[in-house]
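Asker: Protein chains in written order, with this note's numbering: chain A, 23 to 134; chain B, 17 to 129.
Hints are not guaranteed to be accurate.
Pairs of lysine-lysine residues, derived as DSS-like cross-links and limited to a Cα-Cα distance of at most 27 Å, are as follows [what the hints assert, rightly or not]:
1. K79/A / K90/A
2. K91/A / K34/B
3. K27/B / K64/A
4. K79/A / K93/A
5. K34/B / K73/B
6. K59/A / K25/A
7. K64/A / K129/A
8. K34/B / K25/A
9. K59/A / K93/A
10. K93/A / K25/A
11. K27/B / K25/A
12. K133/A / K59/A
13. K59/A / K34/B
14. K133/A / K25/A
15. K90/A / K64/A
16. K25/A / K79/A
17. K93/A / K129/A
18. K73/B / K27/B
19. K90/A / K25/A
20. K59/A / K73/B
21. K34/B / K79/A
22. K79/A / K91/A
23. K129/A / K79/A
24. K34/B / K64/A
These are calculated hints, taken from the structure and not from any lab test. Since the structure is predicted, the reported quantities are computational estimates derived from the model, not experimental observations.
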Amino acid sequence: GEKVEQHESTLSVREGDSAVINCTYTDTASSYFPWYKQEAGKGLHFVIDIRSNVDRKQSQRLIVLLDKKAKRFSLHITATQPEDSAIYFCAASGASNYQLIWGSGTKLIIKP
Amino acid sequence: EAAVTQSPRNKVAVTGGKVTLSCNQTNNHNNMYWYRQDTGHGLRLIHYSYGAGSTEKGDIPDGYKASRPSQENFSLILELATPSQTSVYFCASGDGLGGDEQYFGPGTRLTVL
């Protein structure tokens, strides 16, 4: 079945620098790629998504890039702030019934 | 603001016992989902529902049942709990299939002894 791999289990960056989290997927039919954020002890909440008809999307300090040829997508957080510290999950829509297949999460640490 | 609540927030059960996890959403969303979260696995879909009266198997349905008696409520039932079902369970709701924003509850931490 489809897999989504999230390559960095932990990422540490200095406050103000950019953070990049990378994911790859296996199913060429995937067309929807959301990102979610999970703060300690809480449920996930949606941060940004991208669909396969575009290769870049930006929302304030968040940028998502999609490379369909490489089956890779990435979340870029610019000018990081302490409140960006959390676990970030990527996901891809499944081909058979459009359920989401999730990556294993990246813990982002923002150092002062 | 979308709202998904779960109860209980924490549960300790014995092996072989029955456990029911409840989820309520006030978003009027058609779709609801149950996931489990384990370290190193991300989220895995157990069951989902398109609306009242419907339940569908997700990727890991074995050992779990689901019930959607109304638009607002979606339950996950472990008829015979096992230690391997110790996990954090999340309920979510959304408007569409997969390609929609999902709204998550705060999670239920289940320990099966």
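Asker: Flag every earlier hint the structure violates by its number, smallest first.
Answerer: 2, 8, 11, 13, 14, 15, 21
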